[in-house]
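S.K.: One-letter residues, chain by chain:
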Amino acid sequence: MTGRAERIGLLALPGLSFLAVIYALPLFMLLLKSVQIDGQFSFAEYVAFFSDSYNLSVLWRTVRVALLTTGLALIIAYPTAIVMARAKGFWLSVFLVAMVLPMSVGVVVKAFAWTILFRTRGVLNDTLMSLGITDAPIRMLFTETALIIGAANVFLPFMVLPIYAVLRQMDSRLPEAAASLGATPVFRFMNVTLPLSLPGVVAGCAFTFSLAISMYVIPSLIVGERQQTLSMLTARSFLYLRNEALGATISSILLLIAISVVLTSSWAANRLGARQ
Amino acid sequence: MEQIVVPHMKDAIGADILFEGTKSSVNLEKMSSNKDAPYLSVVQMDDPVMIQAVEADLLTPITSGPVPNMSDLRPDAVHMDGMWCNYVQPWAGVAYNTDFKSGGVASWEDLWAPEAKGQLIIPSLQNTEGMWTLFMSAMLGSGKPFSEAQYEIDAAFEKLEELKPNLLSVYTTMSQAFNLLEQGEITMLAGNFSSYTLPRKATGVPVDLAAPSEGIFAMPSGICLVKGGPNAELAEAYVNEMLGPDMQAAIADFATSVPANTTVSAGAIIPDGVPIYAPDWAFVAANRRAWIERFDKLMAI
Numbered sequence: 001m002t003g004r005a006e007r008i009g010l011l012a013l014p015g016l017s018f019l020a021v022i023y024a025l026p027l028f029m030l031l032l033k034s035v036q037i038d039g040q041f042s043f044a045e046y047v048a049f050f051s052d053s054y055n056l057s058v059l060w061r062t063v064r065v066a067l068l069t070t071g072l073a074l075i076i077a078y079p080t081a082i083v084m085a086r087a088k089g090f091w092l093s094v095f096l097v098a099m100v101l102p103m104s105v106g107v108v109v110k111a112f113a114w115t116i117l118f119r120t121r122g123v124l125n126d127t128l129m130s131l132g133i134t135d136a137p138i139r140m141l142f143t144e145t146a147l148i149i150g151a152a153n154v155f156l157p158f159m160v161l162p163i164y165a166v167l168r169q170m171d172s173r174l175p176e177a178a179a180s181l182g183a184t185p186v187f188r189f190m191n192v193t194l195p196l197s198l199p200g201v202v203a204g205c206a207f208t209f210s211l212a213i214s215m216y217v218i219p220s221l222i223v224g225e226r227q228q229t230l231s232m233l234t235a236r237s238f239l240y241l242r243n244e245a246l247g248a249t250i251s252s253i254l255l256l257i258a259i260s261v262v263l264t265s266s267w268a269a270n271r272l273g274a275r276q
Numbered sequence: 001m002e003q004i005v006v007p008h009m010k011d012a013i014g015a016d017i018l019f020e021g022t023k024s025s026v027n028l029e030k031m032s033s034n035k036d037a038p039y040l041s042v043v044q045m046d047d048p049v050m051i052q053a054v055e056a057d058l059l060t061p062i063t064s065g066p067v068p069n070m071s072d073l074r075p076d077a078v079h080m081d082g083m084w085c086n087y088v089q090p091w092a093g094v095a096y097n098t099d100f101k102s103g104g105v106a107s108w109e110d111l112w113a114p115e116a117k118g119q120l121i122i123p124s125l126q127n128t129e130g131m132w133t134l135f136m137s138a139m140l141g142s143g144k145p146f147s148e149a150q151y152e153i154d155a156a157f158e159k160l161e162e163l164k165p166n167l168l169s170v171y172t173t174m175s176q177a178f179n180l181l182e183q184g185e186i187t188m189l190a191g192n193f194s195s196y197t198l199p200r201k202a203t204g205v206p207v208d209l210a211a212p213s214e215g216i217f218a219m220p221s222g223i224c225l226v227k228g229g230p231n232a233e234l235a236e237a238y239v240n241e242m243l244g245p246d247m248q249a250a251i252a253d254f255a256t257s258v259p260a261n262t263t264v265s266a267g268a269i270i271p272d273g274v275p276i277y278a279p280d281w282a283f284v285a286a287n288r289r290a291w292i293e294r295f296d297k298l299m300a301i
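Which chain is which? The protein sequence lines are A and B, in order.
Residue numbers for the first sequence follow our numbering, beginning at 1 and rising by one.
Residue numbers for the second sequence follow our numbering, beginning at 1 and rising by one.
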């Protein structure tokens, strides 16, 4: 590394120091607590956690909800990102504001708003019945479907923006060149646009999955205590059971899943980037 | 309550209150985490959590020397040799929506009635008010009087399992569950208390609090001094004011609760002809963690 490059590298120092103190150190201490019982090194808490069928059902629900939330967000986000990448001037500003503005509304407020939408005598049920699609109100509140819809709504900007950023960089003449060679719209999308946008898709999925798997307030408000997630179990362990080792164990499992996804997606993004 | 307490304390003892409102269990965690250098002076929380705080050596006793108003309290409002006092006592029953359940809730058995399918929310055992559904399940399940039934926890869980078809949800955030009751999404909210339901009723919301025939419960609202906390003298002066006639009358009226100070006649009146129960909080504190785990597994979908 040259002297100039080394000096530029120093610019990363504040960020790295901040993360080391605020993120890495406490997490390391948490990890340590999960493998220490009465001062002795032990995996007993992990064995106990994985031996309990209830914990396994919570683990599966947490992963399932995170995967479905990511999938739903991707389905909604991709077309939105295409439109945004092609938008200019006023309309681009409208889209960007529409993406960013909902993030300023707290999750608690959103959860109460969804309650109005999803309730038995709510807008959605009234509409379905007035259109003759359903005869009686459908139970929507406190269901996993409501949770996935709500979570996808909250995390949508984290999926849209990375895909938009990649599509915006894409040379718009490439699909046109494919078209001039006789490629159909579907062929152009599958073989030109989609492969080129994959790094953005991977980044968006990593963001959304990491946020969805660790969310606490959203499931607490939308599905309540009867459908617990790993984050809710963590809070319960620390605050109510006062079992720090169990709380640290569940946190570490959650962290391990999130890190695996981020590393895998980072590797995938690099591979996809290199191929292009 | 903050709007009553803060100006009074400024006038009476010259104290500026830094209010840090949260759940009792979170307060306990804050006290426990900062045991070596406490930053809280006074904490107000529920009795079962107070017991845990005493066991963790986090409290210092309230004494009648610096807190003379303590002498006017009902004897049952002073606990563990003054480790904490109850400053008010709301009563708990079953909150219901008057538009959709105009006949009220005559019996706790109404919670189990077939017509209540999907119409009920109960508190988690993580919330102190969650204990009322558990204890009433114990009474109904065992057929024993409360004094004995409160220890029949297996019978309580068996009876609770029968409640599952009627449950829309189990809450830890009470305001959200109450909102659903007000909207008519559910007709009953078990274990709710006078300091929450009755002020809402007074604003014209279609809710009321039933005192079913089997009995109601005394909600524990405690106040304590943190061991080694800052401004010790001011903290004692604050507790003294909270237990004094002016604050007792104001809080009891505001929170529709029964005052703990015997010289005060204000606030809520306990419904006539219905027994009011106060459980063995030491038994609750000793077993609560195991009950929470068992409850969560039982109620899981």
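The set of hints was computed from the structure by calculation and includes no laboratory data.
You may find that some hints are simply not true.
Claimed, not checked - From chain B, some residues computed to sit far from chain A (all C-beta separations above 10 Å):
#	residue
1	Ile13
2	Ser32
3	Val78
4	Tyr171
5	Leu180
6	Gly184
7	Ala300
Claimed, not checked - With a straight-line cut-off of 30 Å between C-alpha atoms, the simulated BS3-like cross-links for lysine-lysine are:
#	chain 1	residue 1	chain 2	residue 2
8	B	Lys159	A	Lys110
9	B	Lys201	B	Lys164
10	A	Lys110	B	Lys10
Owing to the predicted nature of the structure, the values given are computational and were not obtained by experimental measurement.
Quick reminder that beta carbons are idealized off the backbone N, C-alpha and C, glycines included.
S.K.: Hint by hint, say whether it matches the structure.
M.R.: Outcome of the hint check:
no.	hint	result
1	Ile13	32 Å, holds
2	Ser32	8 Å, violated
3	Val78	26 Å, holds
4	Tyr171	6 Å, violated
5	Leu180	7 Å, violated
6	Gly184	7 Å, violated
7	Ala300	6 Å, violated
8	B/Lys159 with A/Lys110	36 Å, violated
9	B/Lys201 with B/Lys164	28 Å, holds
10	A/Lys110 with B/Lys10	37 Å, violated
The structure shown violates the earlier hints numbered 2, 4, 5, 6, 7, 8 and 10.
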